[in-house]
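Q: Single-letter residue listing:
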Amino acid sequence: MMLTEEEKEDIEVELQRYKFKRAACIEALRIVQQHRGWVSDQNIKDTAEFLEMTPDEVDSVATFYNLIYKKPVGKHVILICNSISCWVTGYDLIYEHLKARLGIDLGETSSDGLFTLLPVACLGACDHAPAMMIDKELYVDLNPQKIDEILKEYRERT
Amino acid sequence: MIKRPLTRNIQKGREPLSLKEYERAGGYQALRKALKMAPEEVTNLVKDSNLRGRGGAGFQTGKKWSFLPMGEDAPRPKYLVINSDEMEPGTFKDRFLLEGDPHQLIEGITISAYAIQADVAYIFLRWAYSPTADQLNRAIAEAHDSNYLGRNILGSEYSLRLHLHISLGRYMCGEETGLLNSLEGRRAIPRAKPPYPQVCGLWGKPTIVNNVETICNIPHIVNNGVEWFKGLSHTEDGGTKLYGISGRVKKPGLWELPMGTTIREILKEHAGGMLDGFKFRGVIPGGASTEFLTERHLDVRMDFEDVQKAGSRLGTGTMIILDDRTCPVGFVHNLEDFFARESCGW
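Protein chains in written order, with the numbering used here: chain W, 1 to 158; chain F, 1 to 346.
If you're looking for bench data, these hints aren't it; they were derived computationally from the structure.
Some hints here could point you the wrong way.
To be verified - Result set (EDC-like, lysine to aspartate or glutamate): computed pairs, CA atoms no more than 16 Å apart in a straight line:
| hint | chain 1 | residue 1 | chain 2 | residue 2 |
| --- | --- | --- | --- | --- |
| 1 | F | Lys251 | F | Glu269 |
| 2 | W | Lys21 | F | Glu184 |
| 3 | F | Lys250 | W | Asp141 |
Stated by the list, open to error - Label-pair ranges, simulated between beta-carbon atoms:
| hint | chain 1 | residue 1 | chain 2 | residue 2 | range |
| --- | --- | --- | --- | --- | --- |
| 4 | F | Asn152 | W | Ser40 | 13 to 23 Å |
| 5 | W | Pro55 | F | Val199 | 48 to 58 Å |
| 6 | W | Lys70 | F | Lys12 | 31 to 41 Å |
| 7 | W | Phe20 | F | Gly273 | 45 to 55 Å |
| 8 | W | Leu106 | F | Ser146 | 39 to 49 Å |
| 9 | W | Val13 | F | Met37 | 32 to 42 Å |
| 10 | F | Ser289 | W | Leu106 | 18 to 28 Å |
| 11 | W | Ser40 | F | Met37 | 35 to 45 Å |
| 12 | W | Phe20 | F | Ser146 | 24 to 34 Å |
| 13 | F | Asn147 | W | Gly90 | 44 to 54 Å |
Said to hold, decoys possible - Where chain F lies over chain W, by a calculated footprint (3+ residues, C-beta under 8 Å):
| hint | segment |
| --- | --- |
| 14 | 12 to 26 |
| 15 | 66 to 72 |
Glycine included, C-beta positions come from ideal geometry on N, C-alpha and C.
For reference, chain F alone in the conformation it holds in the complex (with noise of 0.2 Å):
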């Protein structure tokens, strides 16, 4: 069985596959799948999977999804977003992502619209990645032509608009709400809560916003299932986890490893340990936002549950070294200078 399913067409250096070498690898056999399921059915099991969400926040994916109202008397149209706004210091994962394969993507926006039964899907891309765009829109196009996404997708009664947006910069875009309000053409301030996206979103609308890497898991859910997609984890939060470390160590970089790998083997294995002449002096898991761990954290699991009962949190799994040469408090200022700077936005 595969063991690294959102990675396994990327190659760094090759250019993304193609429609067609996509299709060939598997691709969109899943989507075909799925239309052939109720709505319902496919956020049961997305649900049963117990896929957290992959933006920081690790809300179960499937449990947000069944806040959207269903039905005919749903308040129409209704939207899907997902969230390409990778602004979090230290995450580079879902570039990774979008660059590598834009089809896996789509098929995943496809499917999950279909659960949701949304009308119409954005990308909310980032500036700093608009080189990607016009891959990305290649894609969309390629994806179009062969019925993947428009009108009566492969025959079914669903239809789908999938839109991309370039965004022009501002950590708060990152926020769900805020996002939407950019989405809207406007600051990208953050709404109070209630009422939620679900219920009233993008143009009061019902609304779903899930960040790239949990919208790349749901193409295998559906053709491999609930109890592989666990088993691929070494702890209760199922699926591989993409993890990142920079900073001061021999191989910064990116892996896609099980849910719950220890920060040990990441910074040693992965990460070629710390650079010669520099040594481990704490680590932020997953972000600017995240709070230190250190030495004695590094057999922490690398998942929802275990980062946070070591007083920290998963975040985007993306993990920033701080090494015996860098000044701590000067580290520290320049995360608040981040914060100072795009919280507010004025």
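Chain W extracted, bound-state conformation (with noise of 0.2 Å):
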């Protein structure tokens, strides 16, 4: 499938920021996935024909920066930080709870497609450590009686 045009035009807002096309790479992509969850290989080469790349290069960028995403994830994406700070105030406990109560480890969606569990560098709150992230929203001093609370809260909210 093509990109829509609404993507397209999301594109053309962040192209006006650059010189060249190409420097908006990264935004499309990050647009692409806003729309459809992940970035397929067929995305790769759509984003390339619009930037006027290589689908090469935008699939070099793709699989570098993190939170591109290559596979399917589920509704919602968990990013666990396992970043010194956190590891020192908990993680192991943060990430043993997760997981049991997910049912899937790191790289795994849970079996009701509601979750994707992954690791996340340093978020940036470690005076509030251990620290999570689930999409956009950052969840800090956790705790497992905590994590059940927030689990519950995304459950309910579908």
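Make one complex out of these two single chains by using the hints.
A: And the structure:
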């Protein structure tokens, strides 16, 4: 499927900020992902064509950055911080608890398609470690009980 | 006189100042003053203040600026890029300034860009901080409407466009030439130096890359002068510093204190000491890439010179504490794991 008109319009807005088309390629991938949830090989080809780049060039960017998903993900992506301050203050406990509650390990999606669990580098919330993000929402001072409440909220929302 | 310039407008749990409120608090007066000075005079002022880069490396900001080609023959456009890719593990200081007082940053950007006569500026923001992006974009639009940005700023000859770029996450984006590659839409792989970005940076044009905290100091230096700035500090490195502590302490947090405050004072008086049942074993003073200091270093003053003399680096000034119940080998393993995953990106 080609890029939609809406996607093209969004990318056009970003193009205005840069001198060269290829500079908007990170934004273009973000826009495609926003609309589709993840970025397929076909999307890479279409984005490349639109930005007058080769598919390889766009793919090299897509595979470099952490937050471009090259595989389908769940409705919500949980990014759990495993950097040093979170590790010191209880990452292991949080990780084991999430794993048990969701029935999945890092890199996997829950069977109901609701959550994908991924590790992430320092979220810059170290004074309130341990921390995680769900989509664009930051959650801090985590403990097992708090995680249960958060997951419940997301489940009820859907 | 103001003792804590960077955080004076910031109150936890409160929305940042709107443009009107920021103006009432004296905001954008420094910009008016700077626009009446010659660009080189602003650079010299910053040089004399001995402001050193707060991103970690501590290079003198004014000196960095002075390497940029000036005058009519200088290649154009020239760029100013604000490094807001705070990804050093344990570091959360720039977030505080970005979220807490966006107009302070914008005023700092306009003055700094004027000093180097940049035509375009970018704020390079990390993805994890994207909830801040709306706030920043709003502040940029406000500043535009009041002609603190845009064409012929406040009736002067000087014009500047400011854009916000949201990154998609990789530690290497924080390295200045990796950041420039990323801004050009490429992998964030560092470039060989020389040439330095000041001469051949973004799209091959003269470019200055500065950290958020560094830039936030600029309006205050212009407003209050070199002597005031130097007087804020306990040591030769001028100004204040945002210090942070995370780990098993009573009150993890972030504080703006005189540059050169001792580790002991920050740990005991501000972070409330170690949590009950935990003992201090060591500290990495400024992010994952700085070396451990131990008990005998508690009276080291946290500035660029003294921490280096003690065998480590000030880095970002946000400390991570190693306690007696955390395995030091596991601690180092976690850091190495991070670097292995993030340093190359493929």
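Q: None of the hints should be skipped; say for each whether it holds.
A: Tested hints:
no.	hint	verdict
1	Lys251(F) - Glu269(F)	10 Å, holds
2	Lys21(W) - Glu184(F)	9 Å, holds
3	Lys250(F) - Asp141(W)	13 Å, holds
4	Asn152(F) - Ser40(W): 13 to 23 Å	47 Å, violated
5	Pro55(W) - Val199(F): 48 to 58 Å	34 Å, violated
6	Lys70(W) - Lys12(F): 31 to 41 Å	39 Å, holds
7	Phe20(W) - Gly273(F): 45 to 55 Å	53 Å, holds
8	Leu106(W) - Ser146(F): 39 to 49 Å	47 Å, holds
9	Val13(W) - Met37(F): 32 to 42 Å	36 Å, holds
10	Ser289(F) - Leu106(W): 18 to 28 Å	25 Å, holds
11	Ser40(W) - Met37(F): 35 to 45 Å	54 Å, violated
12	Phe20(W) - Ser146(F): 24 to 34 Å	31 Å, holds
13	Asn147(F) - Gly90(W): 44 to 54 Å	50 Å, holds
14	12 to 26	holds (count 9)
15	66 to 72	holds (count 3)
In terms of the numbered hints stated before, the structure departs from hints 4, 5 and 11, listed from lowest to highest.
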